[in-house]
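Number of protein chains: 2
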Amino acid sequence: MRRKAVVLLSGGLDSAVTLFLALRNGYDCRALAFDYGQRHKAEIAGAKRIAAKAGVPLNVMRLPLPWKGSSLLDKKAVLPSGRTAREIKSGGIPTTYVPARNTVFLSIAASFAEAIGADTVFIGAHSEDSSGYPDCRREYLEAFDNVIKLGTRRGAEKRLGLEFPLADKTKAEIIRLGSSLGVPFQFTLSCYEGGKKPCMRCDSCVLRAKGFKEARVKDPCIIQKRK
Amino acid sequence: MRRKAVVLLSGGLDSAVTLFLALRNGYDCRALAFDYGQRHKAEIAGAKRIAAKAGVPLNVMRLPLPWKGSSLLDKKAVLPSGRTAREIKSGGIPTTYVPARNTVFLSIAASFAEAIGADTVFIGAHSEDSSGYPDCRREYLEAFDNVIKLGTRRGAEKRLGLEFPLADKTKAEIIRLGSSLGVPFQFTLSCYEGGKKPCMRCDSCVLRAKGFKEARVKDPCIIQKRK
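Top to bottom, those sequences are chains A and B. Position 17 of the first sequence, counting from 1, maps to 17 under our numbering, and the rest follow consecutively. Remember, our numbering sits 227 above the position in the second sequence when you count from 1.
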């Protein structure tokens, strides 16, 4: 019997690569996305397209966090913009940080995984984001794996754990991996602004463009923009 | 300035004692309760009364988990009943275990705490429940504290952590402590069945009755029942 997995799918590039990697590794996957009040709600439509392309059922959970504390939850807030990749890297935790977001998402994914008898929760958090977001660092991900192993029935039975296969990869490495796995990059959305076209100025757009350039892969979203 | 805390308040006895303890220790408290599809929804009304008595604002978050996997989420399921405290203790994880429940609640509490600039998240999990529920054990609670410290902005700045002051206490010790703090036990609900009167047969009623007996304190809920 194929091992079951719950894969966090945001509609962005990293989680799409993670889903296709889990599928290639033989997992029977269920995708989980959140409508948590993010300004870039277009992500959710992207997650639906990616899951459909992958042939994987998607569960979209409404989880409107009743508090703010992030420029990603507040449409009136000004997003960091026009920073270079180096400035992003050295700038500390940005205002787009959503309080404990990955912890909330992972905890619900762990609950879902237990309820359906899955072995693994996958998250696409990785090293470049971890320079800004504390909940993307390897040491954090290992700590959460420990929480699953101590705090769930299946974890205590050594039948549930967290995998974070992109944790130490650069964006360029992730894009090359996704390219080899046939990830439909045209459906992935990175822009924090949430407009129909990527703004090319927010941190997420800047890191994506740098990644595609370094990977020497064309970003289909940008090609569409230039048409 | 008083230190702010987020206190998980279920409407049960343990979390009520934790709230009154945090208040006595000088914290400016916000209580957080969840409407997560539990069969004993009466808890939420209890949480409202307890928070009102304590003079603390209460945030009730709707979080209907779209999966089951617990007799506490499924009104048609049969609850464990008529077991002695010893049988409960030796019986392993009961069917009332809700997949990753404390992890989900704590993660949302951590997000709330960051958003309002709190220093501490309080949870009333303790040793007697920990014999059955993996997510009530001290080692689990310490692992979650580590997640907060690594995975949140305030945690990384050493300004947010988890406190679990009841972790090593018996139910009788918790009741004696609550009694000394003036906890309104009459508003606390323990019964899993969720009826107007405690069933006195579910695990939670059995452990509560044993605790009051050992503490030599009268349970006002039972007195009311006998009227």
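Hints in this document: simulated from the structure, not taken from any laboratory. Positions of the beta carbon are idealized from the N, C-alpha and C atoms, including for glycine. Among these hints, one or two may not hold up.
Claimed, not checked - Below, simulated PhoX-like cross-link-like pairs (lysine-lysine); rule was C-alpha separation at most 20 Å, straight line:
{"no.": "1", "chain 1": "B", "residue 1": "K295", "chain 2": "A", "residue 2": "K4"}
{"no.": "2", "chain 1": "B", "residue 1": "K275", "chain 2": "A", "residue 2": "K68"}
{"no.": "3", "chain 1": "B", "residue 1": "K231", "chain 2": "A", "residue 2": "K149"}
{"no.": "4", "chain 1": "A", "residue 1": "K4", "chain 2": "A", "residue 2": "K68"}
To be verified - Some chain B residues close to chain A (C-beta under 10 Å, calculated; not the full set):
{"no.": "5", "residue": "G253"}
{"no.": "6", "residue": "L292"}
{"no.": "7", "residue": "S358"}
{"no.": "8", "residue": "D362"}
{"no.": "9", "residue": "Y367"}
{"no.": "10", "residue": "L408"}
{"no.": "11", "residue": "F412"}
{"no.": "12", "residue": "P447"}
{"no.": "13", "residue": "C448"}
Hint check:
no., hint, verdict
1, K295/B to K4/A, "holds, 17 Å"
2, K275/B to K68/A, "violated, 23 Å"
3, K231/B to K149/A, "violated, 30 Å"
4, K4/A to K68/A, "violated, 34 Å"
5, G253, "violated, 23 Å"
6, L292, "holds, 6 Å"
7, S358, "violated, 13 Å"
8, D362, "holds, 4 Å"
9, Y367, "holds, 4 Å"
10, L408, "violated, 28 Å"
11, F412, "violated, 28 Å"
12, P447, "violated, 33 Å"
13, C448, "violated, 30 Å"
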